[in-house]
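Residue numbers (this note's numbering), protein chains in the order written: chain A, 99 to 212; chain B, 8 to 116.
These aren't lab readings, by the way, just hints derived from the structure by calculation. All figures in this text were calculated on a predicted structure; none of them were measured in a lab. The beta-carbon is built from N, C-alpha and C at its ideal position, and this holds for glycine as well. Errors might be hidden in some of the hints.
Said to hold, decoys possible - Listed below are the simulated DMTMM-like cross-link pairs for lysine to aspartate or glutamate, each with C-alpha atoms no more than 20 angstroms apart in a straight line:
| # | chain 1 | residue 1 | chain 2 | residue 2 |
| --- | --- | --- | --- | --- |
| 1 | B | K103 | A | D154 |
| 2 | A | K176 | A | E112 |
| 3 | A | K166 | A | E142 |
| 4 | B | K103 | A | E142 |
| 5 | A | K166 | A | E112 |
| 6 | A | K176 | A | D154 |
| 7 | A | K122 | A | E112 |
| 8 | B | K77 | B | D90 |
| 9 | A | K166 | A | D154 |
| 10 | A | K122 | B | E48 |
| 11 | A | K176 | A | E109 |
| 12 | B | K103 | A | D155 |
To be verified - Stretch-level coverage of chain B by chain A, calculated; a stretch enters the list once three of its residues show a Cβ under 8 angstroms from a Cβ in chain A:
| # | stretch |
| --- | --- |
| 13 | 45-59 |
| 14 | 106-113 |
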Amino acid sequence: DAGVIQSPRHEVTEMGQEVTLRCKPISGHNSLFWYRQTMMRGLELLIYFNNNVPIDDSGMPEDRFSAKMPNASFSTLKIQPSEPRDSAVYFCASTWGQNNSPLHFGNGTRLTVT
Amino acid sequence: GQQLNQSPQSMFIQEGEDVSMNCTSSSIFNTWLWYKQDPGEGPVLLIALYKAGELTSNGRLTAQFGITRKDSFLNISASIPSDVGIYFCAGQGAQKLVFGQGTRLTINP
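Using the sequences plus the hints, can you model the full thing?
Spelled out as structure tokens, the structure:
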């Protein structure tokens, strides 16, 4: 029973480069969430989709961040251009429904921007 | 916006001891969730609570949804080494799911 799958697990890049993080939600789930985790700020919601449509992107820090969900089984989070302060662990999570349904998290992508 | 206060931030205990942690909020939540995160992995759901006053157990774990809907606690009985990790509470209200800052549990054998 596959869970939420994220790739890559680790990404090291130089400032100014484009970074693309990928997520495959659990089959049958129709809501997908992107979170960022840092020591200082904990888990922060960046954006979430319901039925492939972005519902709330108020957590996206800047225009440098963008997310897409072209179909029910794939989503990307892109940072262009990347900056050192973007270094964090980025988690994707999915669930069935929009409210009150527990999230199932992937194992995250650890991003380091030098 | 909605915020959760989770305490304690860290705990250092002996193997076999019981553990208690809690979350409080100034906002009312409809759902309380407790997650555990191991190093290098994503948070994993431990217990979900959907009703004020609800008390739910999952093995050695017990969690309660506060009657005021503004708080929840998680207890772990007879701790074992694999209980080490970071525990997060999360509250779901009318808006998005909000996470606490986490309780880091360290166990001395």
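* Against the earlier hints, flag every one the structure doesn't satisfy and list their numbers going up. => Of the numbered hints, 5, 7 and 8 do not hold.
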